[in-house]
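Since chain A is already given, all that's left is putting chain B on it; use the hints.
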Amino acid sequence: MAGLELDNVTKIYRMRGKEPVLAVDRLDMAVGDGEIVGLLGSSGCGKTSTLRMIAGFEDATAGTIRLGERAIDRLPPARRNIAMAFEGYALYPPLRVRENIGFALLRGRHPRGEVERRVGQVAEMLEITDILDRYPPTISSGQQQRTSLARALIRDADLHLLDEPMSQLEPQLRAILRARIKDWLTGRRMTTVFVTHDQTEAVALADRIAVMEQGVLQQFGTPAELRDRPANLFVAGFIGEPPMNLYPAEIVADGGGPAIAVQSAAGAAAFRVPLPPADAAPALHERLTPGQQVHFGIRPHKVRLGTGDLSGTVLSNRWLGDQSHIGIDIGGCLLTAVTPDPVPGGADGTIAVDLPAAAINLFDAEDGRALFHGLQEAGP
Amino acid sequence: MQHHRQSAIARAIRGVLLTLVGLFFLFPIFWVVLMSFQTNADILRTPPSLFFTPTLDNYVALITGQLDTAVGSLKISYMRNLWNSLVLSSASVALSLLLGIPAAYAFARYRFRLGENIAFTLLSFRFAPPLLVLLPLLLYFQDLGLYDTYIGLVWVYQLITLPLILWIVRGYFEDISPDIEHAYRVDGHGWLATFLKIAVPLARPGIAAAALLAFIFAWNNFVFALILGSSDVQPVTVGALAFITASGIQYGQIAAGLVLSMLPTLVLALLAQRYLVEGLSLGAVKG
Numbered sequence: 000m001a002g003l004e005l006d007n008v009t010k011i012y013r014m015r016g017k018e019p020v021l022a023v024d025r026l027d028m029a030v031g032d033g034e035i036v037g038l039l040g041s042s043g044c045g046k047t048s049t050l051r052m053i054a055g056f057e058d059a060t061a062g063t064i065r066l067g068e069r070a071i072d073r074l075p076p077a078r079r080n081i082a083m084a085f086e087g088y089a090l091y092p093p094l095r096v097r098e099n100i101g102f103a104l105l106r107g108r109h110p111r112g113e114v115e116r117r118v119g120q121v122a123e124m125l126e127i128t129d130i131l132d133r134y135p136p137t138i139s140s141g142q143q144q145r146t147s148l149a150r151a152l153i154r155d156a157d158l159h160l161l162d163e164p165m166s167q168l169e170p171q172l173r174a175i176l177r178a179r180i181k182d183w184l185t186g187r188r189m190t191t192v193f194v195t196h197d198q199t200e201a202v203a204l205a206d207r208i209a210v211m212e213q214g215v216l217q218q219f220g221t222p223a224e225l226r227d228r229p230a231n232l233f234v235a236g237f238i239g240e241p242p243m244n245l246y247p248a249e250i251v252a253d254g255g256g257p258a259i260a261v262q263s264a265a266g267a268a269a270f271r272v273p274l275p276p277a278d279a280a281p282a283l284h285e286r287l288t289p290g291q292q293v294h295f296g297i298r299p300h301k302v303r304l305g306t307g308d309l310s311g312t313v314l315s316n317r318w319l320g321d322q323s324h325i326g327i328d329i330g331g332c333l334l335t336a337v338t339p340d341p342v343p344g345g346a347d348g349t350i351a352v353d354l355p356a357a358a359i360n361l362f363d364a365e366d367g368r369a370l371f372h373g374l375q376e377a378g379p
Numbered sequence: 000m001q002h003h004r005q006s007a008i009a010r011a012i013r014g015v016l017l018t019l020v021g022l023f024f025l026f027p028i029f030w031v032v033l034m035s036f037q038t039n040a041d042i043l044r045t046p047p048s049l050f051f052t053p054t055l056d057n058y059v060a061l062i063t064g065q066l067d068t069a070v071g072s073l074k075i076s077y078m079r080n081l082w083n084s085l086v087l088s089s090a091s092v093a094l095s096l097l098l099g100i101p102a103a104y105a106f107a108r109y110r111f112r113l114g115e116n117i118a119f120t121l122l123s124f125r126f127a128p129p130l131l132v133l134l135p136l137l138l139y140f141q142d143l144g145l146y147d148t149y150i151g152l153v154w155v156y157q158l159i160t161l162p163l164i165l166w167i168v169r170g171y172f173e174d175i176s177p178d179i180e181h182a183y184r185v186d187g188h189g190w191l192a193t194f195l196k197i198a199v200p201l202a203r204p205g206i207a208a209a210a211l212l213a214f215i216f217a218w219n220n221f222v223f224a225l226i227l228g229s230s231d232v233q234p235v236t237v238g239a240l241a242f243i244t245a246s247g248i249q250y251g252q253i254a255a256g257l258v259l260s261m262l263p264t265l266v267l268a269l270l271a272q273r274y275l276v277e278g279l280s281l282g283a284v285k286g
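Same order as they appear, the protein sequences are chains A and B.
According to numbering that gives the first Met the number 0, the residues represented by the first sequence are 0 to 379, in order.
According to numbering that gives the first Met the number 0, the residues represented by the second sequence are 0 to 286, in order.
If we strip away everything but chain A, and leave its shape as in the complex, we get (with noise of 0.2 Å):
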């Protein structure tokens, strides 16, 4: 078990007569020993590529890659003592699963007895025990996954790497696993680099998540911080379900004090938000000026219904057994609420809004970063 560092790591695809693919871009990565890391990004973000060149699959174009003290970015991926799980599952035919799971240790000249109590601690952590003596052919491709699983999590290697290690698994049994590989990777200190683009999985598993998009880094931070504190309208929009409300907005300045214009999808005014007074939050003032053009995000966990000055009408009220998704049009925009109570009332009619300035995000207009998390100006 060791710390992971990615240092500068560039992946650049020439394929002749084709402009060159920029699949990753300048990646600057620490994964501390024992902390499990989930890759998230829809496909193309170079989310794969990054734990291809991890594993010595690819060559980076640029940079290091180090584990432990060892630098592994120029070792063959048999030297780097690494375990991985394909989303492929890559089992080998002619074994029987038990022998698949086993495969690296009796190679590793563990003993037998040994090998057999650890194919068997792993299979039942994984429910496979009854498929142990098939062949991967035979076996469905849900438990298929579990078996390349399990071939991974069985090896005392100083890194693991799981390439979207649940995707064939049914829901109820998706959310059993999740929580016993996370017991099994924490209780065993086991770094680990997972690749998903599932968030619900990515934020059960991981200690801390990297977002990648279009190869870059967006952000990489605890499941909370993600939430709380997203780095760029990026991160903003793809983190959360449902997702953040985005507008753009302008900063003006009105008789009552600055505020926030927010505008509607055409363009149009649609509603303002005042800022809090300056005593409050003295950066915001500072940092804001009028004229000033942002991007305006609030959580819709956030949006509080029944107070507030804002009105607006309801267009959609669902109740989810859970939790209520409400949509409402303010001024032309369409703000989507989450209640943890069914809202009475039909789906027509207008609603008191309050959207509370702790809880709202401004992101720069031109580049996307992020300015303010609530009354705290984001930081670098």
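Hints were generated in silico from the structure; no laboratory data involved.
Among the clues, some could well be false.
As the list claims (entries may be wrong) - Under the rule of at most 25 Å between Cα atoms (straight-line distance), these lysine to any residue pairs were calculated in the SDA-like manner:
# : chain 1 : residue 1 : chain 2 : residue 2
1 : A       : K17       : B       : T120
2 : A       : K17       : B       : A118
3 : A       : K181      : A       : L131
4 : A       : K301      : A       : P257
All of these numbers come straight from a predicted model, not from anything done at the bench.
This is chain B only, laid out in the frame that chain A set:
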């Protein structure tokens, strides 16, 4: 009921059609086998008849190398030709496998400068007429001392066998998920071990099919050995020319020679069948 009767009729029609097609393709072979047990007189009788007194004379003549014709006795070396065919075809396929499998793997797994061009050039050997290169080759071979040697012919046979093996096996390698190899490498193995223990065994059905096909093509080759060798190294395809004698064409011996020359490929096909079927069942694993 209606449905059942119809499907029974359909089955019957299908059976009849299949039998017809089978007869159409197998009849020449059947006829050749019959001819190999007939004397020349029986063969040339009009109208031809299915009833005759079978004779082993044709086979005896081939095996003893003594051909008795109306104008006298003639020495032939058909058994020698058969042996040459075996040596040439086996050695050519073996050499092609040795060279072609690693090359196919490289073409399947790696992109490199001029890679596609090299692969296509190798394929183009298959559709360029061999006569194009034969005369210059003959001159070089005589200079180099390769004329009339096994080594020389096996070398030239690579034009036939190598492209076939390379292109067929390449397709099989491309169908194997590279991640299986990656998994093996992560488990602590080098690329050579991965190639030998994972890639080659998984492509074995393709290799068997390609080898069989290459063997048949090599076996059936005629012009290379006709021009680049003497009867010492010539295969059955060239050797059969000896049956066109001054006193006429020895149909009986030709037929017997054909039957003998079919046997090795037949045996090989039956042996390779196991791997070919295995290839079909492995298809379920992919992906």
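Hints, verified against the model:
no.: 1; hint: A:K17 to B:T120; result: holds, 23 Å
no.: 2; hint: A:K17 to B:A118; result: holds, 21 Å
no.: 3; hint: A:K181 to A:L131; result: holds, 23 Å
no.: 4; hint: A:K301 to A:P257; result: holds, 22 Å
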